[in-house]
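Colleague: Fit chain B to the given chain A structure using the hints.
There are 2 protein chains.
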Amino acid sequence: MAKIPHRLYLTEDQMPKQWYNLRADMKELPDPMLNPATLQPAKEEDLYPVFCKALAHQELDDKTRYVDIPDEVQEMYKVYRPSPLIRAYNLEKALGTPAKIYYKFEGNNTSGSHKLNSAIAQAYYAKEEGLTSLTTETGAGQWGTALAEACAYFHLPLTVYMVKVSYEQKPFRKAIIHTFGADVIPSPSNTTEAGRKILAADPNNSGSLGTAISEAVEKAVTTDGCRYVLGSVLNQVLLHQSIIGLESKIAMEMLDEYPDIVIGCAGGGSNLGGLIAPFMQDKLTGKADPRFIAVEPASCPSLTRGKYAYDFCDTGKITPMAKMYTLGCEFKPSPNHAGGLRYHGMSPILSKLYHDGCMETVAVEQTKVFEAATMFAKIETILPAPESAHAIRVAVDEALKCKETGEAKTILFGLTGTGYFDMTAYTAYNEGKMTDYIPTDADLQVGFDKLPKLPGIQE
Amino acid sequence: MAKIPHRLYLTEDQMPKQWYNLRADMKELPDPMLNPATLQPAKEEDLYPVFCKALAHQELDDKTRYVDIPDEVQEMYKVYRPSPLIRAYNLEKALGTPAKIYYKFEGNNTSGSHKLNSAIAQAYYAKEEGLTSLTTETGAGQWGTALAEACAYFHLPLTVYMVKVSYEQKPFRKAIIHTFGADVIPSPSNTTEAGRKILAADPNNSGSLGTAISEAVEKAVTTDGCRYVLGSVLNQVLLHQSIIGLESKIAMEMLDEYPDIVIGCAGGGSNLGGLIAPFMQDKLTGKADPRFIAVEPASCPSLTRGKYAYDFCDTGKITPMAKMYTLGCEFKPSPNHAGGLRYHGMSPILSKLYHDGCMETVAVEQTKVFEAATMFAKIETILPAPESAHAIRVAVDEALKCKETGEAKTILFGLTGTGYFDMTAYTAYNEGKMTDYIPTDADLQVGFDKLPKLPGIQE
Numbered sequence: 001m002a003k004i005p006h007r008l009y010l011t012e013d014q015m016p017k018q019w020y021n022l023r024a025d026m027k028e029l030p031d032p033m034l035n036p037a038t039l040q041p042a043k044e045e046d047l048y049p050v051f052c053k054a055l056a057h058q059e060l061d062d063k064t065r066y067v068d069i070p071d072e073v074q075e076m077y078k079v080y081r082p083s084p085l086i087r088a089y090n091l092e093k094a095l096g097t098p099a100k101i102y103y104k105f106e107g108n109n110t111s112g113s114h115k116l117n118s119a120i121a122q123a124y125y126a127k128e129e130g131l132t133s134l135t136t137e138t139g140a141g142q143w144g145t146a147l148a149e150a151c152a153y154f155h156l157p158l159t160v161y162m163v164k165v166s167y168e169q170k171p172f173r174k175a176i177i178h179t180f181g182a183d184v185i186p187s188p189s190n191t192t193e194a195g196r197k198i199l200a201a202d203p204n205n206s207g208s209l210g211t212a213i214s215e216a217v218e219k220a221v222t223t224d225g226c227r228y229v230l231g232s233v234l235n236q237v238l239l240h241q242s243i244i245g246l247e248s249k250i251a252m253e254m255l256d257e258y259p260d261i262v263i264g265c266a267g268g269g270s271n272l273g274g275l276i277a278p279f280m281q282d283k284l285t286g287k288a289d290p291r292f293i294a295v296e297p298a299s300c301p302s303l304t305r306g307k308y309a310y311d312f313c314d315t316g317k318i319t320p321m322a323k324m325y326t327l328g329c330e331f332k333p334s335p336n337h338a339g340g341l342r343y344h345g346m347s348p349i350l351s352k353l354y355h356d357g358c359m360e361t362v363a364v365e366q367t368k369v370f371e372a373a374t375m376f377a378k379i380e381t382i383l384p385a386p387e388s389a390h391a392i393r394v395a396v397d398e399a400l401k402c403k404e405t406g407e408a409k410t411i412l413f414g415l416t417g418t419g420y421f422d423m424t425a426y427t428a429y430n431e432g433k434m435t436d437y438i439p440t441d442a443d444l445q446v447g448f449d450k451l452p453k454l455p456g457i458q459e
Numbered sequence: 001m002a003k004i005p006h007r008l009y010l011t012e013d014q015m016p017k018q019w020y021n022l023r024a025d026m027k028e029l030p031d032p033m034l035n036p037a038t039l040q041p042a043k044e045e046d047l048y049p050v051f052c053k054a055l056a057h058q059e060l061d062d063k064t065r066y067v068d069i070p071d072e073v074q075e076m077y078k079v080y081r082p083s084p085l086i087r088a089y090n091l092e093k094a095l096g097t098p099a100k101i102y103y104k105f106e107g108n109n110t111s112g113s114h115k116l117n118s119a120i121a122q123a124y125y126a127k128e129e130g131l132t133s134l135t136t137e138t139g140a141g142q143w144g145t146a147l148a149e150a151c152a153y154f155h156l157p158l159t160v161y162m163v164k165v166s167y168e169q170k171p172f173r174k175a176i177i178h179t180f181g182a183d184v185i186p187s188p189s190n191t192t193e194a195g196r197k198i199l200a201a202d203p204n205n206s207g208s209l210g211t212a213i214s215e216a217v218e219k220a221v222t223t224d225g226c227r228y229v230l231g232s233v234l235n236q237v238l239l240h241q242s243i244i245g246l247e248s249k250i251a252m253e254m255l256d257e258y259p260d261i262v263i264g265c266a267g268g269g270s271n272l273g274g275l276i277a278p279f280m281q282d283k284l285t286g287k288a289d290p291r292f293i294a295v296e297p298a299s300c301p302s303l304t305r306g307k308y309a310y311d312f313c314d315t316g317k318i319t320p321m322a323k324m325y326t327l328g329c330e331f332k333p334s335p336n337h338a339g340g341l342r343y344h345g346m347s348p349i350l351s352k353l354y355h356d357g358c359m360e361t362v363a364v365e366q367t368k369v370f371e372a373a374t375m376f377a378k379i380e381t382i383l384p385a386p387e388s389a390h391a392i393r394v395a396v397d398e399a400l401k402c403k404e405t406g407e408a409k410t411i412l413f414g415l416t417g418t419g420y421f422d423m424t425a426y427t428a429y430n431e432g433k434m435t436d437y438i439p440t441d442a443d444l445q446v447g448f449d450k451l452p453k454l455p456g457i458q459e
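So the protein lines, in turn, are chains A and B. Here the first sequence stands for residues 1 to 459, numbered as in this note's numbering. Here the second sequence stands for residues 1 to 459, numbered as in this note's numbering.
The following block holds chain A by itself, in its conformation from the complex (with noise of 0.2 Å):
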């Protein structure tokens, strides 16, 4: 019998009643959000036509290290969570590896993922103000769900504008959004200006993240008491998501237990800036050295192959702009791409910190995840989502290296959340139909070749 428990779950007194803001200790901080129209650095006044007025301060402020943790939120969060510490004792035995194998386990709540932590924090907010409805968008759905729950939950009404792909691909997520109360229109739409003139120029155009975003903002600021919220890349949401760290690194202190690596998957970037954030700290104020991998698909390459630039949010190009690692706004990965991670830019903190040397990412093929996924589910008897499996592919192929140089290195991943609304992909990799795709570098250079150019700032 080990020591240390395969499952470690904190109490109620030991979840953190603070979010911890990583900017406050980044040396130098990610260039400011954009006003379009003025080019000069967003207001928080400039923001509140698309978030509520706590949403936008938390947009804007580099400064509070730690926020309060609302009580209802907190109260929402004991519904559900802590979510585990998990040692992969089954993993590291099937891999024969000297290396230690943590993970941390966001998919056992209904939305399937991490997007619920932040998902209640932007309700909440929202309720707070008197708004009375709001939008967003959804690609792979764990999104849409998330806040389908907590908008259910405070008698928010939703909109939620779903990539069209998915809609078509995933009716049973569609279904659980309605059950939520939820209103689900595939994206682009006819009940948008942004939709519209998508529709006009190409009337099978099968839909984006970006397009979506571009119809649900312009849904929120064209509605009275609307507000839109987003559940990645934004700041706001990698504070909100800090809890999956803050929870691990009690947990981990609890176990005597430090990572010297930590392993996220990244595609705006909500669950990996939310795992590494209080780690991170610890390296941006020298009490200690872990290494941070952010994993993104090879076929939306967008640490490893964009360009750092000022880029539109949304293909729509209505919101402020902001300085990330992007593959362009107009960006779309290939049809044959499963799952999620198909954003075309990376939050800024996060390309910030990657751009300053102190994150490093790799990118990785999808059939090397779903075979990753599928070993995984065998032997820890949890079926991971596509995106999820990207995290677990490297942390595999790190305790490999560990089995080659003896090395018993411990293994922080994050688990963000599980696969049962993607089994068409996992029938595909099943059946050898699964294909990898690897966009060229002229295929990426017609993004490029969009990105705006902001005289003065960027050519």
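Hint data in this document are derived by calculation from the structure and do not stem from the laboratory. Nothing false has been slipped in among the hints.
With a cut-off of at most 30 Å between alpha-carbon atoms, the simulated BS3-like pairs for lysine-lysine come out as follows:
1) B:K450 to B:K317
2) B:K78 to A:K78
3) A:K450 to A:K197
4) B:K368 to A:K78
5) A:K78 to B:K17
6) B:K287 to B:K401
7) A:K3 to B:K17
8) B:K378 to A:K78
9) A:K378 to B:K127
The following residues of chain A were derived to be distant from chain B, with all beta-carbon distances above 10 Å:
10) R23
11) E92
12) T285
13) G286
14) I438
Quick partial rundown of chain A residues pointing at chain B, CB under 8 Å, derived from the structure:
15) R7
16) K78
17) V79
18) N108
19) F172
20) A175
21) I176
22) G181
23) K378
24) T381
25) Y420
26) M423
27) Y426
Glycine included, every Cβ here is placed at the ideal spot set by N, Cα and C.
Modeller: For chain B alone, kept in the frame of chain A given last:
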């Protein structure tokens, strides 16, 4: 802030190390299983062609009160257990009830239900005895998934006979079972004599649990080194599932609580039997006197409207006969019935307890069940399996009675699983297309007329 936490997880040290065998405390035992060839009580040897020896022993052992959980099974339990005991604060508040509502949530594992608890035990004993493959049947799919997970872990090839209508309506269930490496065959099939016979009479037969059991048993007894395993009904399954009740009782003791009412859904009885076991022990030994409520679908009312009689466990009539509440082994619920809880009979242990007045039963219609499920999802964030929602329905009804009377009763119910693979049914409910069905007495008489005539035992 409440003193009793929302979620209580036992530590590994607190987890039970023995299962509890309810039969050891029953004043009067269930009538013995009969060998259909001799009409004599089945002996262990009689069961060897079907079950491995350790499980045949557990099936008939009504003396050993506590059975050690093998170390290897305990280790696997720790990979996904303990399951949380959850205080439904949000539900209590929404109902405005003085009742305290607790639920034991068994859905936080990839099988999506409590079924994994027995699957691991059964796969372990089979492997220990040197068996080289297993067969089973699955209806809604939880059991097939659970056993596929367990067999993947213990490296045992598995063939799952899946009720054809489920196989066709739930391609993702099939896909997940495949992912864990098991074969899935739609039943009735032409791979067995039993299947061929049914298909000859009715080529469009959409299958039933009883038929799938016949096929799986036939395959097992005609294949070297192969045995059959079953996820419900059997005494051995209730033994393994006692982990649910044992954990619940320890957790409630830690909170200084004891249930006035214990509620569980009842199909074959695996969850209900496991959940109530240690509390029923208290009742049988005079230590406490909680109420027990078995909830079943009005469309498959084996306890509320069945006959207490000897019947076959399968449609093909090749298994031993058990004395149980039954609708007749050829009974199939109407096609509009969603989810599991569709077995024609009921665990002999539970049947006897009910017959002896130790337990109440309620039959509920499925639109009422989905009404409760949807409300529960919005309030407690968990999307329940349709099966589990039967228990929610009655827990809500009992809590509302407390609201009327002002009694602060303590209610414990079993939330056996999640509904991710039941979105077709949820969609039907959301769109107002779900219908109810209550068989007429004449409908049921057809099944009763076919109960076996056993000279000197039952006419």
